[in-house]
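Chemist: Protein sequence lines correspond, in order, to chains L and D. So the first sequence is numbered by the numbering used here: it starts at 1 and just counts up by one. So the second sequence is numbered by the numbering used here: it starts at 171 and just counts up by one.
If you are wondering where the hints come from, they were derived from the structure by calculation, not from laboratory data. Treat the hints with care, since some could be wrong.
[Stated by the list, open to error] Calculated pairs, DSS-like style, for lysine-lysine (alpha carbon to alpha carbon, straight line, at most 25 angstroms):
#: 1; chain 1: L; residue 1: Lys166; chain 2: D; residue 2: Lys272
#: 2; chain 1: D; residue 1: Lys525; chain 2: D; residue 2: Lys611
#: 3; chain 1: D; residue 1: Lys240; chain 2: L; residue 2: Lys128
[Unchecked claim] Simulated coverage check for chain D against chain L, where a stretch passes if three residues somewhere in it have a Cβ under 8 angstroms from a Cβ of chain L:
#: 4; region: 237-246
#: 5; region: 307-316
All values reported here derive from a predicted model rather than from experimental measurement. For every residue, glycine included, the Cβ atom is placed at its ideal position computed from N, Cα and C.
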Amino acid sequence: MSLNEILLNIIFYALALTGLFSSFMVATSTNMVRTAFSLLGVLFSFAGLYGLLRADFLFAAQILVYVGGILVLIIFAIMLTHKIANVNLSNESTSSSTVIAVVCILFAVLVFIALTLPEYIKINQRNKPLTEMIGNNLLSDSLLPFEILSVLLLACLIGAVYLARKEVKE
Amino acid sequence: MDYNWIETGLQLSRPELLIIGGTVAVIMLSIFKQLSRTFLFLCSCAILIGAGYITLLDIQSYTGQTILFKGAIGYDKFSLFFKMLFIAIAFITMLFSYPVIKNWTSGFVEFLSLLLCCTLGMIYMASSRTFLMMFLNLEFVSITSYIMAGLLRHNKKSIEASLKYIIYGAGSSGIMLFGMSFLYAITGSIDVYTVGNTLRHLDLPNSFYLITSILILAGFAYKMAIVPFHMWCPDVYEGAPTPVTAFFSTGPKIAGFAMMIRFVDGVFGKGSSPFEWQLIFIIVSVLSMLIGNLTALQQNNLKRLMAYSGIAHAGYMALIFLTFTQDSIGSLLFYSVIYSIMNLGAFITIIILEKYYNIDNIQSSAGFAYTNPFLAICLSIFMFSLVGLPPFAGFFSKLLVFMSVIKPLNYLTLFAILVAVITTVISLFYYVKIIGAMFLKQGGNFTITERVSLILNAPMAILALATVAIFITDWDWLFEFCKSCSL
């Protein structure tokens, strides 16, 4: 194992552990502020994992959209809400036995996939930056999905404006 | 560079372009306060009529298969058939929703434009050929549906319906995407037919197929409202505005089936396949028929009852995946046409009951037949047709699905058909419960505030007439047409 690979391994495990720990915190913590900040750790470590997998565009989008945009909004919303830190949760836990059963089944599926699937996967080595490929694809193979997406965004916009605006008295 | 494919693609998607342009136009026109609501409503209807007319011309002349936009969508009789069906459903929904929505303080234009957008998404769902298009259009239909469920934003139940829908939808489409990512990782393609061809040449363990199928089914089954992904259904149906509920129970559900057919056709193929995916469908459809029908027995609220009836019908429709031949797909197309007619009709009666008489459950409709016999008779026709009793169209649709499933007779199909027949008998009880309450019981006085609008009565009468007429007259041509449109 070369020094390069050792370094990559260390980075991978550090990121994976951070992600695991923070997502555990998100799921279990009852304090909203802590939950929001733990989510920051989850999103950051996933961005790092994307970077390790050479998905440069996804890495940038994750940082810009999720960390920079959505998460900051969530934290702002929490900070601006009065006394949200000591809110009383009415449902602290739902029937934990079924949840544990479902989680165990999902975990078994994931382990099974992680053990069997890799031998079938064909890995394409790629040295070009991903953004160029995405850009070309958006205007050739994925032209129609790209255009449909713009109509979808229009519909989302209508919905968001409708749900958020004040009632107009006529 | 060659750009002919864009030109060809645009030429063959005129109805879609009309709907997109029309949606934008309706939103723009709504800015002008001088234009009345009736005008905007007529504009939206005209858009759907125009799109439907173009599709009708296409479907008569076109035979063959074309792939448009570099493999993103398939243009064939199958997609044209569903295009026609979805435009018709949207048109009828728009028609009978007008008396309800014209009195809303806000949300009128939003309803019209979102209904048009949702129709566009459903059309593309039925013609998608790649995972990307499938996921995108599933989300398209879902997101517009979330907003439509919450259109009554000062009504707690409506908002609750919207939120529940979002949470279930986000979860199940995430799971579906996870399953699709495995297929992509192994085959390196997102085109369903390429994926199917590649999989046939690989020697993969059966457990892989089992896991990916279940994961992907989560997304589809949630749209089709099949057990075990049906939990959102009763609450959303109850909370959403009734015209929207009528639309949910037909349009997106059938769109889910259309997409599922293309997916199964591409990845697993007709007839023999490397994996016995029929097993999954047997479990899923038997559970839907049982849970749907048995839970419906205990319902008192009309909309909740229709939700469980919809789950049960999705179970009957899912039976066709047991054989999955050209005939069985044809019988599903036939079923979806009849189902839309019956269900939309039943919902029009529910809308009239709710809007003019303030009735939303079975108990309070006792003795209603003596107040408005016309409505009670129409409702009885739809209910008997939903059961599948002989003098109505619902009988043939169920019969054809059962017959197409039973052809390769083995223990599994026999078991599924037995359950289907028994649950059909069970369903008689709750449908007849409504009719019995209206005709046989004595009830209070029903005061009416205004005359029932013609725009509600006329479609109801026409749909009821169609339910009977399809049985009496020569229905063969419709079935032959459906078969010719099958994949």
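Chemist: All the hints need checking, so say for each whether the structure fits it.
Modeler: Hint-by-hint comparison with the structure:
{"no.": "1", "hint": "L:Lys166 - D:Lys272", "in the structure": "holds, 19 angstroms"}
{"no.": "2", "hint": "D:Lys525 - D:Lys611", "in the structure": "holds, 22 angstroms"}
{"no.": "3", "hint": "D:Lys240 - L:Lys128", "in the structure": "holds, 23 angstroms"}
{"no.": "4", "hint": "237-246", "in the structure": "holds (count 6)"}
{"no.": "5", "hint": "307-316", "in the structure": "holds (count 6)"}
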